Amino acid sequence: MEPVLKAVNLKGGYLLGSLYASASQQGSYVDAVSDVSLELFRNEIFGIAGESGCGKSTLIKMLYGYLEPPLVLKDGLVYLYTKEGKEISITSLSKERLKREVFWRHISYIPQSSMNVLNPTMRVRDHFAEMLKLHANMSKEEAYKEAGKYVEYMGLPIDVLAAFPHQLSGGMRQRVVISLALLMRPDLILADEPTSALDVINQQAVLTMLRDSQESFKNTIVIVSHDMGVHGVITRRVAIMYAGRIVEIGKTEEIFEDPLHPYTQALIKALPRLGDKAQRKGLSGHPPDLKNPPLGCRFRPRCPSYGPQCREETPTLIEVKPGRYVECWLYST
Amino acid sequence: MLHASKKSLLEYLATRTIMYFATIFSGITLTYLLVKAMPVDAVENIIFGLTQTVAGVYDPQSINKLREDLYEIFGLTGKSPLEDYLIFIRRVFTFNFGPSFISFPTPAFELVLRRLPWTIGLLSVSTAITWITGNLLGTIAGYFRTRKFTKVLESIAISLYPVPYYIMALILMLLFAFLIPIFPLGGGISVIPESLNLELILNIIWHSLLPALSLILPGALGWSFLSSRTLTLEVLSEDYTRYAEFRGLPGKHVLRRYVLRNILVPQVTVLALSLGGIFSGALLTEVIFAYPGVGSLAYRAAFAGDINTLMAVLILSMVAVSTAIYLLDLLYPLVDPRIRYR
Amino acid sequence: MPSLSFLKSIGKNFIFLYKSNFKFRLGFTLILILFILGFTVSPFSPTSTRTWYAVPRDRPPSPEYLLGTSSMGRDVFWELCASIGKSLTIALITAMIASHIGLFIGLISGIRGGLLDRFLMFVSDTFIIVPGFLLLIVVISIIKSWITIPLLGAIISIVSWPWPARQVRSMVLSLRERTFVYTAKLSGMRTSKVLLFEIMPYVLGWHLVNFTNTILFSIGTESGLAIFGLSILGDNTLGVMLYWALNYYALFRGIWWWITAPIVTLVLIFISFYLISIGLSEHLHRIIG
Ligand SMILES: Nc1ncnc2c1ncn2[C@@H]1O[C@H](COP(=O)(O)OP(=O)(O)OP(=O)(O)O)[C@@H](O)[C@H]1O
Ligand code: SF4
Ligand SMILES: [Mg+2]
Numbered sequence: 001m002e003p004v005l006k007a008v009n010l011k012g013g014y015l016l017g018s019l020y021a022s023a024s025q026q027g028s029y030v031d032a033v034s035d036v037s038l039e040l041f042r043n044e045i046f047g048i049a050g051e052s053g054c055g056k057s058t059l060i061k062m063l064y065g066y067l068e069p070p071l072v073l074k075d076g077l078v079y080l081y082t083k084e085g086k087e088i089s090i091t092s093l094s095k096e097r098l099k100r101e102v103f104w105r106h107i108s109y110i111p112q113s114s115m116n117v118l119n120p121t122m123r124v125r126d127h128f129a130e131m132l133k134l135h136a137n138m139s140k141e142e143a144y145k146e147a148g149k150y151v152e153y154m155g156l157p158i159d160v161l162a163a164f165p166h167q168l169s170g171g172m173r174q175r176v177v178i179s180l181a182l183l184m185r186p187d188l189i190l191a192d193e194p195t196s197a198l199d200v201i202n203q204q205a206v207l208t209m210l211r212d213s214q215e216s217f218k219n220t221i222v223i224v225s226h227d228m229g230v231h232g233v234i235t236r237r238v239a240i241m242y243a244g245r246i247v248e249i250g251k252t253e254e255i256f257e258d259p260l261h262p263y264t265q266a267l268i269k270a271l272p273r274l275g276d277k278a279q280r281k282g283l284s285g286h287p288p289d290l291k292n293p294p295l296g297c298r299f300r301p302r303c304p305s306y307g308p309q310c311r312e313e314t315p316t317l318i319e320v321k322p323g324r325y326v327e328c329w330l331y332s333t
Numbered sequence: 001m002l003h004a005s006k007k008s009l010l011e012y013l014a015t016r017t018i019m020y021f022a023t024i025f026s027g028i029t030l031t032y033l034l035v036k037a038m039p040v041d042a043v044e045n046i047i048f049g050l051t052q053t054v055a056g057v058y059d060p061q062s063i064n065k066l067r068e069d070l071y072e073i074f075g076l077t078g079k080s081p082l083e084d085y086l087i088f089i090r091r092v093f094t095f096n097f098g099p100s101f102i103s104f105p106t107p108a109f110e111l112v113l114r115r116l117p118w119t120i121g122l123l124s125v126s127t128a129i130t131w132i133t134g135n136l137l138g139t140i141a142g143y144f145r146t147r148k149f150t151k152v153l154e155s156i157a158i159s160l161y162p163v164p165y166y167i168m169a170l171i172l173m174l175l176f177a178f179l180i181p182i183f184p185l186g187g188g189i190s191v192i193p194e195s196l197n198l199e200l201i202l203n204i205i206w207h208s209l210l211p212a213l214s215l216i217l218p219g220a221l222g223w224s225f226l227s228s229r230t231l232t233l234e235v236l237s238e239d240y241t242r243y244a245e246f247r248g249l250p251g252k253h254v255l256r257r258y259v260l261r262n263i264l265v266p267q268v269t270v271l272a273l274s275l276g277g278i279f280s281g282a283l284l285t286e287v288i289f290a291y292p293g294v295g296s297l298a299y300r301a302a303f304a305g306d307i308n309t310l311m312a313v314l315i316l317s318m319v320a321v322s323t324a325i326y327l328l329d330l331l332y333p334l335v336d337p338r339i340r341y342r
Numbered sequence: 001m002p003s004l005s006f007l008k009s010i011g012k013n014f015i016f017l018y019k020s021n022f023k024f025r026l027g028f029t030l031i032l033i034l035f036i037l038g039f040t041v042s043p044f045s046p047t048s049t050r051t052w053y054a055v056p057r058d059r060p061p062s063p064e065y066l067l068g069t070s071s072m073g074r075d076v077f078w079e080l081c082a083s084i085g086k087s088l089t090i091a092l093i094t095a096m097i098a099s100h101i102g103l104f105i106g107l108i109s110g111i112r113g114g115l116l117d118r119f120l121m122f123v124s125d126t127f128i129i130v131p132g133f134l135l136l137i138v139v140i141s142i143i144k145s146w147i148t149i150p151l152l153g154a155i156i157s158i159v160s161w162p163w164p165a166r167q168v169r170s171m172v173l174s175l176r177e178r179t180f181v182y183t184a185k186l187s188g189m190r191t192s193k194v195l196l197f198e199i200m201p202y203v204l205g206w207h208l209v210n211f212t213n214t215i216l217f218s219i220g221t222e223s224g225l226a227i228f229g230l231s232i233l234g235d236n237t238l239g240v241m242l243y244w245a246l247n248y249y250a251l252f253r254g255i256w257w258w259i260t261a262p263i264v265t266l267v268l269i270f271i272s273f274y275l276i277s278i279g280l281s282e283h284l285h286r287i288i289g
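Residue numbers (the numbering used here), protein chains in the order written: chain D, 1 to 333; chain P, 1 to 342; chain S, 1 to 289.
Among the clues, some could well be false.
Said to hold, decoys possible - Taking lysine to aspartate or glutamate pairs in the EDC-like style, the calculated list, with each CA pair at most 20 angstroms apart, reads:
| no. | chain 1 | residue 1 | chain 2 | residue 2 |
| --- | --- | --- | --- | --- |
| 1 | D | 269 | D | 227 |
| 2 | P | 252 | D | 159 |
| 3 | D | 133 | D | 96 |
| 4 | D | 95 | D | 126 |
| 5 | D | 133 | P | 154 |
| 6 | D | 86 | D | 2 |
| 7 | D | 218 | D | 44 |
| 8 | D | 149 | D | 130 |
| 9 | D | 291 | D | 84 |
| 10 | P | 252 | D | 96 |
| 11 | D | 95 | P | 245 |
| 12 | P | 252 | D | 101 |
| 13 | D | 11 | D | 289 |
| 14 | D | 95 | P | 239 |
| 15 | P | 252 | D | 84 |
| 16 | P | 252 | P | 238 |
| 17 | D | 11 | D | 313 |
| 18 | D | 251 | D | 2 |
| 19 | P | 151 | S | 282 |
| 20 | D | 140 | D | 126 |
| 21 | S | 144 | S | 235 |
| 22 | D | 218 | D | 2 |
| 23 | D | 291 | D | 313 |
| 24 | S | 23 | P | 154 |
| 25 | P | 252 | D | 68 |
| 26 | D | 218 | D | 39 |
| 27 | D | 269 | D | 313 |
| 28 | P | 36 | P | 72 |
| 29 | D | 11 | D | 44 |
| 30 | D | 218 | D | 84 |
Everything labelled a hint here was simulated from the structure, so no lab data went into it. Note that the structure is a prediction, hence the values are computed from the model and not measured.
Chain D on its own, in the form it takes in the complex (with noise of 0.2 angstroms):
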């Protein structure tokens, strides 16, 4: 399988430093990525999943390589390999080589609440036209009559183009800064909770918009989402991250089948099943405050199984059959 993006040790999180921070939280950093290595391949969808704050957003930021103040990459290195077989070093361009070079023509970046991330002022069709001038280097005419094409290809009505952002509805709107995100064929489509503003319908439309547009351009598309059921439909493989790192890597069906990490069964088991009457435990306790996260295992205050071991290493994770990667002390003897 080909790889399309390499994270190695990744580790950052938010400096909270006098700019940003009442005087309580001078100087405090918060640990949101914790040593994570990932490898994507091409032509997949895969998933990122865990509890809200565990660093899904901060994690793809991260990939993405565009960090703003008060985030801070610590260490690590992300290689970006584009269809042509060139490879490009993330984190080690300057911002601005990356806005000309690397975003939207080989990456691409859909935020969380992302229903506020058009220009109110100008026409949907102007937000294409902006790209396709940027990257393709087409004129005004040239570029309306591609997004036109464009537009239709991906399903939407024709008519979205003309509208303002604010004359479209919640799903809508998303559709078309998806369509945005795959405008130039980027090898790569980072999408942070694409559908968790939605309602049931629309998020039907836009995960099998997702699909049918990875089917047909064979890119590769990362879906963070804290909703199993959305790895459950759409993603091939998926991480489970807990407290800034990642715990368990495998293919969603293997997943959903045989979790492994005691987080990842917990998580499983939370899930309602289809006739299935009786009320789904849920885990008990809190997420680790990540100021301030445990020694050892960052899931030992909460796991049902932990030994002497896991409060005072931190386990590693490690490959425990081929693609299926777990990092726990009950699989690492």
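Start from chain D and add chains P and S with the ligands according to the hints.
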């Protein structure tokens, strides 16, 4: 897809127009009530002052006519209060403010009309320049908020903002009278106007430079600058602007299409509101530079106790200000697509 | 009735503000100096600042006449001190009247809402649209010969209350939405009590900002009116000093010290009250949000 329907456009126009007349009407009523609340012997006082200063110019007959006018304006005809009020309203809406005192018996309204082009010329040009440069500077300062020149501009703005126009005018006069005596310090023209030619126009512009500068400087570096800088900082933290950067759009493009375009919307309101204040400020600028506009006329009228002319100036500028706000209101939906003539 | 703890909290806030906020400190110090000049120093004037030819005319600044003398034969330094005092008095009167009317109307409008609110806001909008300065010109032209310092302060208030009223009203409206007011209401307190105990402490801070801004506005308006010849021309105010200096063409005759003195003082007053005002609002934003 929602689009502006004809009906909502009409509705918008109708409500705006009603509001327009309602504000003018209430402004006039306000003036009436205030003037009426003045001490009762005000009219005799005015007339007495008049006969004292320019005795002999008026014949008794026209003095009597004037007295009648004044009694009507002050609502003291002895009829019912409602009638008094209606008489006043009729006078205002027919622009009949009685004869001026300072160039008796020319109607006060006519006197004001003659001066109006000067004032409107000065104000429209300097307000436009103020608004445009202030917004550009403010946006740039907001965008490059950490640069040194931004800090310098900010300190200048903070010291200029609270200083009224006319004090600024005096400072400029001080500077240009002693340090760099290049501009004419007073008057509107210094050639004899025979026909409208280039020389005359240039002369007029030359004379209005200093008054204009005294209006532009505190505005462009003061309120206009500060408000657009604050707005820019807000827009920069909006999702859509940040996402534009995320998409790799170059800074200049983001500045123009995202930041400037979005601060324009609230800045139009600021422009409308500033028109109200600038009118009074410009009156004093005119007095200080002896610029032959409405302000200088009002100055002479105030000096001579010419209440008719002052009234005409007040009502006319009230109408001018509300009209400006009304027009901007109508233009607003063109600037902000979110407001579709609601 | 302001209780002791309330006064204490004002004192604490003031000390904190003075220590932590440079703008406030600078503005406050300047104002303090001006107040001392205007109220404490000015009574010691060796010559009258209101009679003509009390001292030789048109003398440039010298050790004897610190800021020179005017063409009217007055010592500019002492006239300036007296003018600062009178101008500040006028401004304080306006601020006392207008900001409290504004507070009262804003509170009523914000709390009661409904038709009363609509009416009050329509009236204050009218005042905002009507060129206030011209309105004052008309009014003062009519009663020019009776005008006194307190009367002038009161007349300027006619056009100064709408801004504070609007500000207080929007403050009340936003506070009404906050949870603590709801909790207080749910706990069975009467509306007026909810107001007094929950909203007032927050509004009072902004009231102070409005008070400062009204002072600023009043001083500016008085000097503007004076340039028009519509102030108390026989007395000493900063505006009146400007009026006479302009009328005697001080600038063109090279008597620059006469006109520079009130201009510089006015600019200092504007800047320092403005600094106090923004220092206060920065502080309020931080403690209330
Ligand atoms: N701008 C910020 N400043 C400080 N801390 C932040 C910031 N953004 C996120 N965090 C913290 O970093 C941690 C990870 O946040 P992140 O947004 O990546 O979580 P997430 O998994 O995406 O959660 P969600 O499902 O709620 O989106 C959280 O503890 C969060 O409180
Ligand atoms: S390492 Fe220990 S504490 Fe952590 S999940 Fe595994 S068993 Fe539980
Ligand atoms: Mg997130």
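Comparing the hints with the structure gives:
| no. | hint | result |
| --- | --- | --- |
| 1 | D/269 with D/227 | holds (14 angstroms) |
| 2 | P/252 with D/159 | violated (29 angstroms) |
| 3 | D/133 with D/96 | holds (18 angstroms) |
| 4 | D/95 with D/126 | violated (24 angstroms) |
| 5 | D/133 with P/154 | violated (36 angstroms) |
| 6 | D/86 with D/2 | holds (13 angstroms) |
| 7 | D/218 with D/44 | holds (8 angstroms) |
| 8 | D/149 with D/130 | holds (16 angstroms) |
| 9 | D/291 with D/84 | violated (41 angstroms) |
| 10 | P/252 with D/96 | holds (13 angstroms) |
| 11 | D/95 with P/245 | holds (10 angstroms) |
| 12 | P/252 with D/101 | holds (17 angstroms) |
| 13 | D/11 with D/289 | holds (17 angstroms) |
| 14 | D/95 with P/239 | holds (19 angstroms) |
| 15 | P/252 with D/84 | violated (30 angstroms) |
| 16 | P/252 with P/238 | holds (17 angstroms) |
| 17 | D/11 with D/313 | holds (18 angstroms) |
| 18 | D/251 with D/2 | holds (17 angstroms) |
| 19 | P/151 with S/282 | holds (18 angstroms) |
| 20 | D/140 with D/126 | holds (9 angstroms) |
| 21 | S/144 with S/235 | holds (13 angstroms) |
| 22 | D/218 with D/2 | holds (12 angstroms) |
| 23 | D/291 with D/313 | holds (19 angstroms) |
| 24 | S/23 with P/154 | holds (13 angstroms) |
| 25 | P/252 with D/68 | holds (19 angstroms) |
| 26 | D/218 with D/39 | holds (17 angstroms) |
| 27 | D/269 with D/313 | violated (27 angstroms) |
| 28 | P/36 with P/72 | holds (10 angstroms) |
| 29 | D/11 with D/44 | violated (25 angstroms) |
| 30 | D/218 with D/84 | holds (14 angstroms) |
When held up to the earlier numbered hints, the structure conflicts with 2, 4, 5, 9, 15, 27, 29 and fits the remainder.
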